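Asks: Generate the whole structure from the sequences, applying the supplied hints.
Protein chains: 2
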Amino acid sequence: MTIGIIGLGLIGGSIAKDLKATGQYRLLGCDSNPDHASTAESLNIVDKLVTLDQLVEDSNLIILAFPVHSIAQHLPHILDKINSAQTVVDVGSTKAEILKHIHTHPMRARFVAAHPLAGTEFSGPTAALRHLFSGKKNIICNSVDSAPGALEMALKIFNALGMESYFMDAGEHDKHLAYVSHLSHISSFVLSLTVQDIEKDEEQIFNLAGTGFASTVRLAKSNSKTWAPIFDANLDHLIKALDHYQYRLEEFKSVLKSRKTEDTERLIIEANKIKELIKN
Amino acid sequence: MTIGIIGLGLIGGSIAKDLKATGQYRLLGCDSNPDHASTAESLNIVDKLVTLDQLVEDSNLIILAFPVHSIAQHLPHILDKINSAQTVVDVGSTKAEILKHIHTHPMRARFVAAHPLAGTEFSGPTAALRHLFSGKKNIICNSVDSAPGALEMALKIFNALGMESYFMDAGEHDKHLAYVSHLSHISSFVLSLTVQDIEKDEEQIFNLAGTGFASTVRLAKSNSKTWAPIFDANLDHLIKALDHYQYRLEEFKSVLKSRKTEDTERLIIEANKIKELIKN
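Top to bottom, those sequences are chains A and B.
Going left to right, the first sequence walks through residues 1 to 280 as our numbering numbers them.
Going left to right, the second sequence walks through residues 1 to 280 as our numbering numbers them.
Don't take every hint at face value.
Pairs count within a copy or across copies, as identical chains cannot be separated in the list.
As the list claims (entries may be wrong) - Derived DSS-like pairs (lysine-lysine); straight-line CA-CA distance at most 27 Å: (1) Lys275 <-> Lys200; (2) Lys20 <-> Lys81; (3) Lys257 <-> Lys273; (4) Lys200 <-> Lys273; (5) Lys279 <-> Lys200; (6) Lys17 <-> Lys136; (7) Lys260 <-> Lys273; (8) Lys136 <-> Lys221.
Hint data in this document are derived by calculation from the structure and do not stem from the laboratory.
As the structure is a prediction and not an experimental result, all values here were calculated from the model.
Replies: Here you go:
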């Protein structure tokens, strides 16, 4: 079976590495960024680098691992070119916008909308890792609109990556992800911008930042080409989340200014409850 | 040499464990929280649990490892009781407020104001860890006001913990820490409060939260009794930092709402520069 991966960055590259290691697939790849393409080639991430058209023609399964706005834009044209034995899967972080673009496409049933919940703050082919997906969850959206054969082929690949797949409505997926992923990226970007602005002495950031700051600001290292389109594709849910974040932040500041430390303690104890809701 | 540690939580307990492992010190301890005291006793964190008065009387070096507002309150009374061969060191996260309380105390020179830059989001004696401080930085504030002998004794202990000590003005310390530590705690507490409010389906937090969210919200697990007093002691610097954070957040939201993804990308690229300023 031939698998074609379009986009050989952190996600596409990591998928390629794990699938290559199984020895069961012929892997084709392409990347519109010439630097990424040549890096991927020198790292032997796929068996062969080909053009987009050749990849679409020669692959049984085509994986789209590039920014979400480009997926929305290119997906209809890719579906135009495939036959009914081929399958296309995307691995983007938002789903409703992408699905809107192909809702009435005659090959809609050959498409599977997926979001493997894994990543790091790094990007590009050099960031690709073995076992990035192992033990993580994969979300498949609006699976009733995918043909059973297409779904089966996609599930086989996510299983090979060591993922467990769950099914969810695309709108629900995007709403939940705004809260538990996209909002935390923005809080981290804003933390970085703020500290860079107000800490005039950059050496002190280096000297005094402990593991706590490093952890909170980690996502601020995330790639702009990936995240700007995600935020835009999920704007409504995200603005709702940001409005509430701003409300809670203003409340926290007011409580601090009141100098009633018992009220600050109460807010912190409320925040502490997150311990019970996340695993690590 | 006898070392007395007042407060046997994460920080005091971790200091005790490392110093005990050297086999070179007799360790006394006390904790005003009876549960913490009995847990510390059952974990053998110190050689002997004693009363506060007995600890102050019998220790060559007294380490204050409890919340910063209580340090400010108790320190003058502890200095009242010591002789000029004894040394008192605190390990609190803010320094100016504490030093203000003893500025004119006749035993001021026997006090060393320190802040070992290490910790985790956990608390209490069960959170105490071996090697928590190893390879980390320790800040000593306003060292010119400490007697050379007191300073030497304190440095010996921080060396034994594997720390490198740096010297800094207390006001500067508090300002920098507001930016690189206290602000990130608040952004994390507020993220936790927001997600708990808007994500009505708690199971989805558990299911969909990835390592990114876990990293950004990690500090929201931090102890209320420790952090509410730190924020209060450092209020002016912290409010300045929060005001700027709110300004940058509003700016980020406006850019998102403008739907110009190239402007969002520009903000993210600016945020990405934090890569060059922190080590991990």
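Asks: At most 27 Å between C-alpha atoms: does Lys279 with Lys200 qualify within a copy, between copies, both, or neither?
Replies: So Lys279 and Lys200 pass the 27 Å test across copies only (18 Å; inside, 37 Å).
Asks: For Lys20 and Lys81, with the copy left unspecified, which applies at a CA distance of at most 27 Å: within, between, both, or neither?
Replies: within (26 Å within a copy, 71 Å between copies)
Asks: Is it within, between, both or neither when you check Lys257 against Lys273 at 27 Å Cα-Cα?
Replies: within (24 Å within a copy, 31 Å between copies)
Asks: Please work out whether the CA atoms of Lys275 and Lys200 approach to 27 Å or closer within one copy, between two copies, in both situations, or in neither?
Replies: For Lys275 and Lys200, the Cα distance is within 27 Å only across copies (16 Å; inside one copy 34 Å).
Asks: As a check of your reading, is Lys17 near Lys136 (CA-CA no more than 27 Å) within one copy, between copies, both or neither?
Replies: Classified as within; 16 Å inside a copy, 36 Å across copies.
Asks: What label fits Lys260 with Lys273 when the C-alpha limit is 27 Å: within, between, both, or neither?
Replies: For Lys260 and Lys273, the Cα distance is within 27 Å only inside one copy (21 Å; across copies 37 Å).
Asks: Is it within a copy, between copies, both, or neither that the alpha carbon of Lys136 lies no farther than 27 Å from that of Lys221?
Replies: So Lys136 and Lys221 pass the 27 Å test inside a copy (22 Å) and across (23 Å) alike.
Asks: Please work out whether the CA atoms of Lys200 and Lys273 approach to 27 Å or closer within one copy, between two copies, in both situations, or in neither?
Replies: So Lys200 and Lys273 pass the 27 Å test across copies only (14 Å; inside, 35 Å).
This entry satisfies every hint, going by the numbered hints stated previously.
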